[in-house]
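A.B. asks: Chain by chain, the residues:
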Amino acid sequence: MTEAIAALDEVTPRRIRTKRARTSVFWLSLPLLAIAATVVILPLTGLLPDPNAQDLDNTLAPPVWLAGGTWEHPLGTGKLGQDILSQMVAGGRLTLFIGVVGALVAIGPGTLIGVVAGYYRGWVDIVISRLIDAQLALPFILIALAIIANRGNSLPVLFLVLALTGWAPCARVTRSVAMEVRERQFVMGLRAAGASEPRIVFRHIIPNLIGTVVALGSLQVGTAILVESALSFLGMGVLPPDVSWGAMLSAGQDVLTNAWWVALFPGIAITSVVLLVNLLGDALLTHNDPRKRKR
Amino acid sequence: MIRRILIRVAAVLVTLLIAISIAFALGRLSGDPTASILGPMATEGQRADLRAELGLDQPLLLQYFDYLGGIFTGDLGNSLQFYQPNLTMILDRVPFTLQLVGAGMLIAIVIGVPLGVLAATREGSWWDRAASALALLGQSIPVFWLGMMLVLLFAVQWGLLPAGQSGSVQHLVLPALTMSLYPMAHVARLTRATMSDVLREPYIDAARARGLSAGSIVWKHAFKNASLPVLTIVVLQAGTLLSGAVAVEYVYAWPGLGQLALQAIQFRDFPLVQAIVVFGAITFVLLNQLVDLLHALIDPRVR
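Chains as they are written, first to last, in this note's numbering: chain E, 1 to 295; chain G, 1 to 303.
Incorrect hints may appear among the rest.
One-sided excerpt, in silico: chain G residues whose CB lies under 7 Å from chain E [to be verified]:
1) V156
2) I265
3) V285
Simulated DEER-style distance windows between Cβ atoms [what the hints assert, rightly or not]:
4) G:Q58 x E:P198: 40 to 48 Å
5) G:A48 x E:L160: 25 to 33 Å
6) E:I126 x G:I282: 17 to 25 Å
7) E:P198 x G:L212: 26 to 34 Å
8) E:S176 x G:Q289: 15 to 23 Å
FYI, nobody ran anything at the bench for these hints, they're computed from the structure. Because the structure is a prediction, the values reported are computed rather than measured. Just so it is clear, CB atoms sit at the ideal spot from N, CA and C, and this is done for glycine as well.
Next up, chain E with everything else stripped away, as it sits in the complex:
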């Protein structure tokens, strides 16, 4: 009976409509992200000036479409005459790298911790749940700033911060999904057949979580990019000579009143990339959640 109802659900117009919308969102955000990634990864350095090259005769030059702009610096120049376009490309490379690696270092341990708590339950779950709550209660940006102030600015420290502040939300979600998967019949069947616990966890529970984890990972890329930009903006993230979009925003704040383009373009870039990853993550998450899929 319920199957028949589910089959009817399949053909209701609303479901078809939302499914199409979701698929189109997915196929819209994925190629756009791929294009963004390709642009920043391509070896364009030969075509563009060095992002750190100073052109002191051309400081704070406006973009090409404004009076005084030239094709030499299509998006204008910064305080020391650095070419904004090449900074955008170089900064994008580092920003996307930090986003992806920052998400991986948070999602990896987060998933494992969440699965262990959700699968083993009992005191392990109690301890881990308290840890998750405590971590979520701490104002993460202060933790991040304090660690960086202690350990100095460097990429490994940045990844440590992203891991420390990102594992808990992921663990909370994977914990609840693992709790649900462990009650399914095939897990009981495996247990009855004498499969070892690690085997069940690694070969059966985690593969069932992959969809959720990929979606969480995608959302976490957005979070990592936002955290990096906030830290760099506060002078605690990426420092010169390295360039990231967040560091560009920080430089842009000093000259905001007379050269808005320095801060405008990296801000638009961050917002668009985070928006696309969030769209992708949301579409994946909805796709993996049968409860939401019915809507």
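Assemble the complex: chain E is given as a structure, and chain G must be docked to it using the hints.
C.D. replies: Okay, now just chain G, sitting in the frame of chain E:
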């Protein structure tokens, strides 16, 4: 019932204890703070004196229990930089941050809730799309960049509002607006989701069948039931806004807790950083408990 309450209280205490311990570890991560306080010219003797004064020559475990005991008696230590009790300085700044968070949340609710309701009652309409767009944008824009752009438009370009600092309602507008976007996105999204669930309940059909007006069904019957999750997200967002406040207060030179935290971090004033982290964690956990209490009060099923 009593057993349940006790378990609850224990869980809260354990969560707080872990959070406080993390904050303590954070303060001790820096190694010897006397080097950065006294500078490179200080002699070893001067450093030893300062270490003794700060209690850093004690065994770590003793320091930890001292610190815990202090928190229970309301003593969060003294600032290395300002030579004042941390708690006094925090409490001096709290009203400013409260103003900012309060005004931001108000804007978020006033815009987010009606938008979410409109989106849920008119699924697929332009309202619905506007709510989705707002929800997505709110989660994707770097808050401080939004702040910069608002300053650029409203203060620099049009000269309508002051660009920074505090003192009047005009000074509050831009920071509060900046602050509101992120929670607004959450509120609109959650209102839409819960409302669209509630509107599919049989009792809504029943109300419709009895000929009640659409307005009465939406606001009196549906929204009343959808308001609980919305209330939860509002209070929880208020708790997490301390993190958001850091960047916003920096952009607008707003003299709140976030600004104090930044100063403390820049001067490596770890006792103060620690105190602010502990203060934030306690506030967050208490707000969480408040939400649960409110749930129990509003919804008899939770009790």
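A.B. asks: Indicate, hint by hint, whether the structure satisfies it.
C.D. replies: Going down the list of hints, with the structure as the test:
Interface restraint check: V156 of chain G against chain E, minimum CB-CB distance 5 Å, threshold 7 Å, status holds. A least Cβ separation of about 5 Å between I265 of chain G and chain E falls short of the 7 Å threshold, and the interface hint therefore holds. Interface restraint check for V285 of chain G: the shortest CB-CB distance to chain E comes to about 5 Å, inside 7 Å, so the restraint holds. The hint said 40 to 48 Å for the Cβ distance between Q58 of chain G and P198 of chain E, and at roughly 44 Å that hint holds.
A48 of chain G and L160 of chain E have their C-beta atoms about 32 Å apart, which keeps the hinted 25 to 33 Å range intact. At about 22 Å, the beta-carbon gap between I126 of chain E and I282 of chain G stays in the expected band of 17 to 25 Å. Range check, P198 of chain E to L212 of chain G: Cβ separation about 58 Å, and the 26 to 34 Å hint is violated. Separation of S176 of chain E from Q289 of chain G is about 21 Å and conforms to the stated range, judged on CB atoms against 15 to 23 Å.
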